[in-house]
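Please put together the full structure from these sequences, using the hints given.
Protein chains in written order, with the working numbering: chain A, 1 to 247; chain B, 1 to 378; chain C, 1 to 373.
If you are wondering where the hints come from, they were derived from the structure by calculation, not from laboratory data. The beta-carbon is built from N, C-alpha and C at its ideal position, and this holds for glycine as well. This list has only true hints and no planted wrong ones.
Which bits of chain B does chain C cover? Going by a derived footprint, with three or more residues having C-beta under 8 Å, they are:
1) 53-67
2) 92-106
3) 115-122
4) 339-350
Only some residues are given here: those of chain A computed to face chain C with a beta carbon under 7 Å:
5) C53
6) L55
7) K78
8) K79
9) Y83
10) K87
11) D93
12) F102
13) G105
14) I106
Chain residues, written in single-letter form:
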Amino acid sequence: MTNTISIRANGLTKKFGTFVATDHITFEVYAGEIFGFLGANGAGKTTAMRMLCGLLEPTSGEASVAGYDVYREAESIKKNIGYMSQKFSLYEDLTIQENIRFFGGIYGLSYEGIRQKGNQLLADLGLQSKAKALVGDLPLGWKQKLAFSVAVLHDPKIVFLDEPTGGVDPVTRRQFWDLIYQAAARGVTIFVTTHYMDEAEYCDRVSVMVDGRMDALDSPQNLKEQFGVNSIEEVFYRLARGAQRAD
Amino acid sequence: MNATIKILLVQMKAFITKEFYHVFRDRKSLLLLFGLPIAQILLFGFALTNEIKNTKIAVYDQAGDRASKRLIQRVEASKYFEVAAMLHNPAEIEGHFKSGQARLVLVIPAQFEADLARQQEPTLQIITDGSDPNTANTITNYLNNIIQDFQTDQKGNLQVRPEVRIVPVMRMLYNPQLKGAPNFVPGVMSLVLLLICVMMTSISIVREKELGTMEVLLVSPFEPILVILSKAIPYLVLSLVNLTLILVLSVVLLEMPINGSLLLLFGISTIYIITSLSLGLLISSVTDSQQAAMLLSLMGMMLPTMLFTGFMFPIENMPIPLQVISHVVPARYYYVIVKAIMIKGLGLSAIWKETAILVGMTIFLLVVSWRKFKIRLE
Amino acid sequence: MKTILFLLEKEFKQIFRNKALLPMLFGMPLIQLIVLPLAADYEIKNINIAVVDHDRSAFSSRLTHKIDATGYFRLTGFMDSYREGDRMIALDEADLVLEIPAKFENTLQREGVERLFLAVNAINGTKANVGASYLSRIIGDFSEELNQEKRNKGASAPSSQIIVTSSNWFNPHMNYKFFMVPGILAFLVTMIGGYMSALNIVKEKEIGTIEQINVSPIRKHHFIIGKLVPFWVIGMVVFSIGQLVVSRYIYHIIPVGSLLLLYAYLALYLVAILGFGLLVSTYTDTQQQAMSVAFFFVMIFLLMSGLFTSIDSMPEWAKVIAYLNPVTYFIEVMRGVVLKGSNWVDLQNHFLIMALFAVFFNSWALFNYRKSS
Numbered sequence: 001m002t003n004t005i006s007i008r009a010n011g012l013t014k015k016f017g018t019f020v021a022t023d024h025i026t027f028e029v030y031a032g033e034i035f036g037f038l039g040a041n042g043a044g045k046t047t048a049m050r051m052l053c054g055l056l057e058p059t060s061g062e063a064s065v066a067g068y069d070v071y072r073e074a075e076s077i078k079k080n081i082g083y084m085s086q087k088f089s090l091y092e093d094l095t096i097q098e099n100i101r102f103f104g105g106i107y108g109l110s111y112e113g114i115r116q117k118g119n120q121l122l123a124d125l126g127l128q129s130k131a132k133a134l135v136g137d138l139p140l141g142w143k144q145k146l147a148f149s150v151a152v153l154h155d156p157k158i159v160f161l162d163e164p165t166g167g168v169d170p171v172t173r174r175q176f177w178d179l180i181y182q183a184a185a186r187g188v189t190i191f192v193t194t195h196y197m198d199e200a201e202y203c204d205r206v207s208v209m210v211d212g213r214m215d216a217l218d219s220p221q222n223l224k225e226q227f228g229v230n231s232i233e234e235v236f237y238r239l240a241r242g243a244q245r246a247d
Numbered sequence: 001m002n003a004t005i006k007i008l009l010v011q012m013k014a015f016i017t018k019e020f021y022h023v024f025r026d027r028k029s030l031l032l033l034f035g036l037p038i039a040q041i042l043l044f045g046f047a048l049t050n051e052i053k054n055t056k057i058a059v060y061d062q063a064g065d066r067a068s069k070r071l072i073q074r075v076e077a078s079k080y081f082e083v084a085a086m087l088h089n090p091a092e093i094e095g096h097f098k099s100g101q102a103r104l105v106l107v108i109p110a111q112f113e114a115d116l117a118r119q120q121e122p123t124l125q126i127i128t129d130g131s132d133p134n135t136a137n138t139i140t141n142y143l144n145n146i147i148q149d150f151q152t153d154q155k156g157n158l159q160v161r162p163e164v165r166i167v168p169v170m171r172m173l174y175n176p177q178l179k180g181a182p183n184f185v186p187g188v189m190s191l192v193l194l195l196i197c198v199m200m201t202s203i204s205i206v207r208e209k210e211l212g213t214m215e216v217l218l219v220s221p222f223e224p225i226l227v228i229l230s231k232a233i234p235y236l237v238l239s240l241v242n243l244t245l246i247l248v249l250s251v252v253l254l255e256m257p258i259n260g261s262l263l264l265l266f267g268i269s270t271i272y273i274i275t276s277l278s279l280g281l282l283i284s285s286v287t288d289s290q291q292a293a294m295l296l297s298l299m300g301m302m303l304p305t306m307l308f309t310g311f312m313f314p315i316e317n318m319p320i321p322l323q324v325i326s327h328v329v330p331a332r333y334y335y336v337i338v339k340a341i342m343i344k345g346l347g348l349s350a351i352w353k354e355t356a357i358l359v360g361m362t363i364f365l366l367v368v369s370w371r372k373f374k375i376r377l378e
Numbered sequence: 001m002k003t004i005l006f007l008l009e010k011e012f013k014q015i016f017r018n019k020a021l022l023p024m025l026f027g028m029p030l031i032q033l034i035v036l037p038l039a040a041d042y043e044i045k046n047i048n049i050a051v052v053d054h055d056r057s058a059f060s061s062r063l064t065h066k067i068d069a070t071g072y073f074r075l076t077g078f079m080d081s082y083r084e085g086d087r088m089i090a091l092d093e094a095d096l097v098l099e100i101p102a103k104f105e106n107t108l109q110r111e112g113v114e115r116l117f118l119a120v121n122a123i124n125g126t127k128a129n130v131g132a133s134y135l136s137r138i139i140g141d142f143s144e145e146l147n148q149e150k151r152n153k154g155a156s157a158p159s160s161q162i163i164v165t166s167s168n169w170f171n172p173h174m175n176y177k178f179f180m181v182p183g184i185l186a187f188l189v190t191m192i193g194g195y196m197s198a199l200n201i202v203k204e205k206e207i208g209t210i211e212q213i214n215v216s217p218i219r220k221h222h223f224i225i226g227k228l229v230p231f232w233v234i235g236m237v238v239f240s241i242g243q244l245v246v247s248r249y250i251y252h253i254i255p256v257g258s259l260l261l262l263y264a265y266l267a268l269y270l271v272a273i274l275g276f277g278l279l280v281s282t283y284t285d286t287q288q289q290a291m292s293v294a295f296f297f298v299m300i301f302l303l304m305s306g307l308f309t310s311i312d313s314m315p316e317w318a319k320v321i322a323y324l325n326p327v328t329y330f331i332e333v334m335r336g337v338v339l340k341g342s343n344w345v346d347l348q349n350h351f352l353i354m355a356l357f358a359v360f361f362n363s364w365a366l367f368n369y370r371k372s373s
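Rendered as structure tokens:
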């Protein structure tokens, strides 16, 4: 891990009318870091993530992703990030190969690049024989692993993962995290939200959002020591208990 | 037994309430449910007419004398025509047709007045834009009548009295003012009720399939048939509300009468709505995506219903195979029934045949779609 | 530019993979184009008439035969009592009842004037009107005939006659299908274009794939072009099959005017109507909503387009709506070029107006489609 800053937020705020979804959050994420973004439902995680991805314009505050400003350079940010969510990953009515080709294509890879990287991806996941299968026919676990691989196909500097392992069995989750570690080892910054507290333990640093504020940010070890508890789960409960916003 | 039924009713209520939430939360779908019938009643009532009037015509008057001016005045005075242009050259005719500035050109010969006076039998020429043969025929007839009247006036001086005269005495039954409403209100009713039921039920069921929530419903301790029933009931209620809305609008705005029994009208409408709901159910059991269900109910239902109901185009003009097809369109029977009850004020004895056909269709559709549905579940 | 190619590739694959959609996209409109014009025949013929003849004379049977021989009427009943005639109207077995009074012939011979009674089912006002006027004309002819016979016996009175000749241009055989086919084809293309573009984009919203697109560097207008081009192509193909195959070989309609001009207009029209679909999709979140909204407008477009009823006959406020309706112009152009051979000069206003529609719908939609809200 280097100390190059990959994501920087300073007083980042989003209001919807009078509702403050994200309330002056300030943090930095370093290149190659696995950054866990925790919080109860409705704590403002998704809003924060959408602002960083250039999908939502902040109300106030500053933020830069991969060195680009979220207000002025949203399009440049998009070229440098990958994104996957639990809700959707790939087109189910296209085959594995066609999805790879499409997403490679819209991120501006050359035909040759798509072919090479696509083959590599299929080989890494052991999916060569299924290249022509419709994504809709794959088991969920495979879909998620595939979606992640497709999201990093264009070698983004940062990958945003929105609850990537929802609904996936423990074995596949473990495999999924292996993929994340491999990507991080290549220097990709991982920005991940999750509801699984064991996954939070895999992160280099963890932040916890409560009511739109970022109430804690440190390595899992330091957080546990700070709160004097044995697990991140306990840390989370301590913080979330004070939340005003019901789920 | 009683307790089970009670539980069932409670469950049903939960399901039905959920469906109503879906319907009413979705403001944009309500536009279709209630906006469409209102818009249709207003458009058909006040904007659309099969009557042809205010047709733009051009006159090429080679005579320019008093007789020709009188004739032109007469034409202009009629509600059927609007003299949009005076031509000076026969070459202009085609251009006026092509740009749509005129649908008919009346050519008056030179010396029109003189020829008339000398009893020389002047020839008037009517040229129509025949691309619309219906309009062309009708306006030719109208113009012929005007010319006939004109001629009778001219002859008035000559005092030729026919020796035999037959005077037709007309009586326009049911609709003495020849308004459009008595014809189309039943048509709109058949169309709107069918569309809402077929389209909305099929889409709402297929949507649950697509989103995967159908499985959730089916694994619940609840008979599949009740799941379907609870999907249908809200649309039945909505359709009855719609029916009431259409009737109120027709009576208040269009001054339509309801001559027969209102109870009978609602009773048979309920049967028709159930027929349509079963059709929607059938569509939902043979399709997997909302898009397909939509296309099937729209493209497959809308235009055929509009045509084969007989309220826009006379069924008896259609080729025999189409007339045969028209017999499987439920809207056709409902249309006859509504006209009979609302306008003619007839009772069940006059429409029992149509009613029986609707009931038969409903049973058939329910059986077929229930079978299809079951096969899918297994 | 290259990203658009990838988008197009994906869209076409998805469309052609959808086995439920394809037959409906191509089959349904063509079947409708074959069937509907056969059904959409306005001409009023086959009017059912019942004759109640109280006279049973030579005159009354001559009149009955005369009515039967015109081809407009179908004699469905011949009876003695008016009550039966009334019942036939109630049951829709007769549209018209002609009642010939007793001593009809006698009275005519003796007094020269007699009345006939017509009862018309007027629920369909137009049909009633036309039927009644046909019958009046036949009755008029009949009395003229009787006059002639009398005159031939006596002296003939001279009369000045205006001779009226009529000719119908562009459609000399007065084939109603020539009129309906181009209009119906225009409308089917509208339905396909309007619905499919609206639904397709909303579908991505509904299943969430649009998020994935939004975080990618795809540009707004590239994405939209990628979405619209396939339906533009499909619209062109459906139209071509309809025009060059169905119209030509089933209805034997060969455009009088330039096919190129027709395609130029179609190309522009599709841009406008796809823009409309796009606009609907920006205002809706689910396919059901999109369908409802699109259907509502398409229905009004259909009714107010002059496809079935004449725009000239509408009241002024309705004419305004009709001329704010893009379908109106396309139907006019179709009928103009196909039947009348209208050329560029005749139609340049139509081109201008459609270009305005295209710009209007698309820029509104683009403005409303926020990639980042």
